[in-house]
Amino acid sequence: MSAGAATHATVITVEDPAEVAVGAEFVLTVLVSCPAGCDLSGIPIEVMAPPDNATATVPAPCPPPHAGEGREGGAVARRVALKAPLRAGEHVWHLSCAAHKSSGWHHDASLLRVPVRVRPHETSLAVWAIPSPVVTSRPFAIKVGAKSAAGCDLTGMPIAVRDAAGTMLAGGVLGDTPWPGTSSLYWTELTLIAPAEAGMFSWSVELAAADLALPHQGSSSRFSIAIVDPPEHKLTIKVVAQGTASPVENAQVRLGAYRATTDGSGLAELMVPKGPYDLNVWKSGYDAPTAAIVIDADLAVEIAIALIPDENPDAVWQM
Amino acid sequence: MGKNATDRGAASGEVSRRAFLSTGAAGVALAAGRTREANAQSGSQRNWDRSAEVVVIGAGVAGLPAAITARDHGASVIVVDENYDIGGRGILSGGRVHLGGGHALQQKAGITARDHGASVIVVDENYDIGGRGILSGGRVHLGGGHALQQQASIKDSADQVFADWTRHDTADARYSDRDLVRVFADENVPTFNFLVENGVKFNERPIGPERASTVPRTFVTVEWPIASQLIAPGRGRNGSGLVRQLEIAARQKGAEILLAHEMKSIIREQGRSGKVLGITASHDGRMINIEARKGVIIATGGHTGNVNFRRTFDPRLTEEYQQACMPYVHQGADGELAAMEIGGSLWATANQTAEAGSAITKTRHIGCRWGYATLVYQPESPMFHLAKATGLTVADWQDVIFVNQAGRRFWNEADGSYKFFAAAMAYSGDPGKLNGGGPIWAIFDADAAAREKWNPKPPHVDPDGFFFSADTVSELAGKIRNPYQKQPISGAVLQETVNRYNGFVAAGVDQDFKKPTPMYKIETPPFFAAWSTPILHDTLTGLRTTPNAEVVDIHGEVIPGLYCAGESQGGFAQHGLARCLVFGRVAGRHAAKRSA
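Taken in order, these protein sequences are the chains called S and H. Letter 78 of the first sequence, counting from 1, is numbered 78 in this note's numbering, and no numbers are missing. Count along the second sequence from 1, then add 1000; that gives the number in this note's numbering.
These are calculated hints, taken from the structure and not from any lab test. Every residue gets a Cβ at the ideal spot worked out from N, C-alpha and C, and that includes glycine. Honestly, I wouldn't trust all of these hints.
Not everything, but these chain H residues come out facing chain S in the computed CB check (under 8 angstroms) [to be verified]:
hint, residue
1, 1395
2, 1396
3, 1473
4, 1482
5, 1483
6, 1487
7, 1491
8, 1493
9, 1495
10, 1499
11, 1508
12, 1512
13, 1523
14, 1524
15, 1525
Throw the hints in and build the complete structure from the sequences for me.
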């Protein structure tokens, strides 16, 4: 602006505020300047909060800059602490400066509209203690927990379990005590009925967005469950060390969806329906081939697993 | 300066010796120019601060036997080492802090140097020789029919050693320089006897056959009995009994060991021609010249920790891959670079990428920065305040899944072969990071921690960038923050990765990567992410030498008076201590016998 103009402009600038979460405190950095270079550091700025912001509905004075706050291009940065509304969406703050006289010049009034996007808190889910496998048509229980990104109390929030078609299979509400070992995972146990047909199923759990003290986004997660026919026969597996034939304890035995762990005698038992299976044995440090077996009666098998020498040439302390 | 970024060691935030060297000198090219300028002064005009017949750079598994052997042949010897101790024994607070070593971590530790008067000089900037030797398992792979083999009724001979380590059917031996292997084989028994004569104690139980060997040849040294002189106490780092005893022998025989002396350059008569005259080293912020009237022996321990250098052989090995034995010892390629600046050449570089040895290893201790297979820094270690965590020792890889920097599984977690490493280092889809695969994270749940009996809290884990926990998998993804993790992991992606894997567990089959019988779901809160990025270990190539360990230049000519032994020597890639000991002796002997 030329020095010969009758008045000078007042320019209000803010740093683009990042998206903020509902109810979150945030800081707006405000610059007030005159294009002709006049010193406007003492000029008051008013901050008008969004009309529905219960936390700050009256105009607040923008404080003069503190010592040490930086000048940027002749303007002085002022930092204003604000609090986001409790409702998600776009909210508009207004910053205004009345007409005034500074450095001997008249400066125009100025108004800046500052839209800020306010988002609800995110949530996330965990599903655990899912029995595997589950026999057809039998009842079973799972645990479901939900977490607010802000650590909010989610007591009473509704949880639903749905199948792949979206049909609700079970519902409940979160309890009032976080799961042990977590900071704020609110959880509940839900009872479900297994499908009448065997197979692998992928179901989802959902947390509906709800009106807590602060708005939260809903979330969903899926989990897999193996459904099997009722058992008919007993499979007894003995796991021994190759070469010595000594029993191997704590070997994991897998027969498709079925699993067991060997005891001190190297024995594990599984109750399974008829059919062909791949029998796998796993123990860290051992190697065992997959055995193809067919179950059509009670069966006992012995599996020899081979110790794999540690390939690490430095591994003396493990010996 | 950009040079610092590329030359920096595997660990960010610490100044490697090479970066230190580069600062203000615009890197290797200028440093070489400076060397040439310095060399323009003839040897007779140079002011030598110290002088010995043989100068050894590095006080470790190659440097100490080199020093002892040179003394045995009547030469005066100086050993220089950049570190505060050959093996970590001298932690003295408030003394002269090592500023020139380029080892910022050591400086931060307040570790100071000791000086010892003697007539033979070994120069060691610390970091390598005594260093990795003292951290090693102490397995000495020497055969040929020595006394302990005979005692165990193992039939062996020098010819059998040669036959084994030139085998065509194993990549451990296929790319060896057979001239070097012949010397190695012939020197096995003399080297074993040398160790015994110098007081090294062995356990009598043979181990093996290992790698290319067809008979048991590995014997383990007895761990050094003084706990306060160990760097990694409590985990059988038996190499301490080797290097501590060799240090005693070297000092008793009159080798002078200058600690906290960092070799900066090797001085040759005329830049890239003429004989080698000595070295420059920095100490206490001051440069000194050390004359070597007969020879300089490079025993600096390899290049694994130098990101720029190691990528010569494998461009995938970017900065996220940490170096085993850090933070105690840094393999900075110092000897290689100093030799190359005066014309030295590399040799048998195929060994580095033959995918046979332990150049790249799977972490065994997760949730800490340096989780090398057998090396654990316990809280009582003098290095613990730098290592910051012991790590969680994995007994069963069924207890975790690995995800890459994008949050996706990439391989069967139970595998530890080079196929696993290749998958871990594969392009993960980040256009901002084409080389290297980025960090690898082990993801597990509360049930896995219970099965493994882990207590996932400090001092077992390092929550400052290498271990995270959260109430849900999605939340966990958002918490993973690490200097090498360039983009945050998407919560939805990690959740889907875990959900899919859990489905495989329920079904009993890993449809993606054929993990054998995936055993455990990752489902019970809380959830954990632990640093599990492959860690680099052996240097398997280096300077070209003659069978007498004389360094050879780029034209195939011997550089008179320059030797190399240990992991900085190319041509023979056997893992471990034996080749360092053998060629340390060979170099020390040949240098001592040279006419001044």
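Here is what the structure says about each hint:
1. 1395: Result: holds, 6 angstroms to nearest chain S Cβ.
2. 1396: 4 angstroms, holds
3. 1473: At about 7 angstroms, which falls below the 8 angstroms cut-off, the nearest Cβ of chain S leaves the hint on residue 1473 of chain H intact, so it holds.
4. 1482: Check failed: Cβ of residue 1482 of chain H comes no nearer than 20 angstroms to chain S, outside 8 angstroms.
5. 1483: Given a least distance of 23 angstroms, the restraint on residue 1483 of chain H is violated.
6. 1487: Because about 18 angstroms separates residue 1487 of chain H from the closest Cβ in chain S, which is outside the 8 angstroms limit, the hint is violated.
7. 1491: Hint holds; residue 1491 of chain H Cβ to chain S Cβ min 6 angstroms, cut 8 angstroms.
8. 1493: Violated: closest Cβ of chain S sits about 13 angstroms from residue 1493 of chain H, beyond 8 angstroms.
9. 1495: Holds: closest Cβ of chain S sits about 6 angstroms from residue 1495 of chain H, inside 8 angstroms.
10. 1499: 5 angstroms, holds
11. 1508: Interface hint status for residue 1508 of chain H: holds (5 angstroms vs cutoff 8 angstroms).
12. 1512: Violated: closest Cβ of chain S sits about 14 angstroms from residue 1512 of chain H, beyond 8 angstroms.
13. 1523: 4 angstroms, holds
14. 1524: Holds, about 4 angstroms.
15. 1525: 5 angstroms, holds
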